[in-house]
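For chain A, the structure is supplied; the task is to place chain B on it using the hints.
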Amino acid sequence: MDISPVFFYLFAGLAIAFSVLVVLKKSPVASAFCLVVVFFMFAGIYALLDAHLIAAVQVLVYAGAIMVLFVFVIMLLNADSPSFDLGRSHLGLRVGAVAACVVLLGLFVYAFRASPLQVPPGALTAAQIDAAGGNTRVISRLMFSEYILPFELTSVLLLAGIVGAVAIAKRKLGAPEGTA
Amino acid sequence: MRIEPWVVLTFCSIIFFIGLAGVLIRRNILIILMSVELMLNAVNLTFVTFSRQLGHLGGQMSVFFIITVAAAESAVGLGLVIAMFRTLRSVDTDQIQLLRE
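Line by line, the protein sequences give chains A and B. Quick note on numbering: numbering that gives the first Met the number 0 labels position 14 of the first sequence as 13, and the sequence is numbered without any gaps. Quick note on numbering: numbering that gives the first Met the number 0 labels position 63 of the second sequence as 62, and the sequence is numbered without any gaps.
Only chain A is shown next, with the shape it has when bound in the complex (with noise of 0.2 angstroms):
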């Protein structure tokens, strides 16, 4: 992929080492602000990708809704104490979690390696993008006509999800403070 080297290892670099750290700071606030960067990193990674539109939703979505959100009950909960919980759980139980990730992800190395896409490349490739009006022109044009009911289900989804979590998260009618 003709994309530029520098800025992809800078934009990766970055991702993995805070990644690594939004897993192992102690406090959960810490560990949020570290996924916001991650978050950034990707985007920058879409738009090295050509995919500007995905490059701005990401932005917009997951550094900012998602993540307003996780800060938003971190706060309301009082929740950010510094106890590192790392240190308590059953120290097999962790070597070997980390030890099936290694080696999971040397299976999947390996498979990427091993077989690149034989796929012919299809209709849509950067240059014809370009040529039709651009990222997010095309991304629209297919999201209204090809991809309009999963678009439509979409609303439904945020429905039922708004709803879920509004019956999950408010106190019960009546009830003392404390209980659920």
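Hints listed in this document are in silico derivations from the structure and should not be mistaken for laboratory results. Keep in mind that the hints are not guaranteed to be accurate.
Claimed, not checked - No more than 20 angstroms apart at the CA atoms, straight line, and that leaves these computed lysine to aspartate or glutamate pairs for DMTMM-like:
1) Lys25(A) - Glu72(B)
2) Lys24(A) - Asp93(B)
3) Lys25(A) - Asp93(B)
4) Lys24(A) - Asp91(B)
5) Lys169(A) - Glu72(B)
To be verified - Not the full set, but computed from the structure, chain B residues with beta-carbon under 7 angstroms of chain A:
6) Trp5
7) Phe10
8) Met33
9) Leu37
10) Leu39
11) Leu79
Every residue, glycine too, gets a C-beta built ideally from N, C-alpha and C.
Quick look at chain B alone, frame taken from chain A:
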């Protein structure tokens, strides 16, 4: 110098397995949810890479729907965290042991 597709896919896998390790080894429910978001992002980038490689925009459309599902998922998940905190006064998954007694 050219970036081969497998390099990008390797990067996606690394982020995915960092997220999986976070889900497995952490006990704080908030950080477990953040690790799930990491895994979802890694999968999104895999979709975009294949979309670019194959010259087909179906992958990028899938990313939009995954982002929507992820937003709904974190809203419901954080609602569950609030309900859990109200019941147990803790965000620690080790405290979920009501069935043990």
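Exercise for the section: Determine which of the earlier numbered hints do not hold for this structure and return their numbers in increasing order. Expected result: 1 and 10
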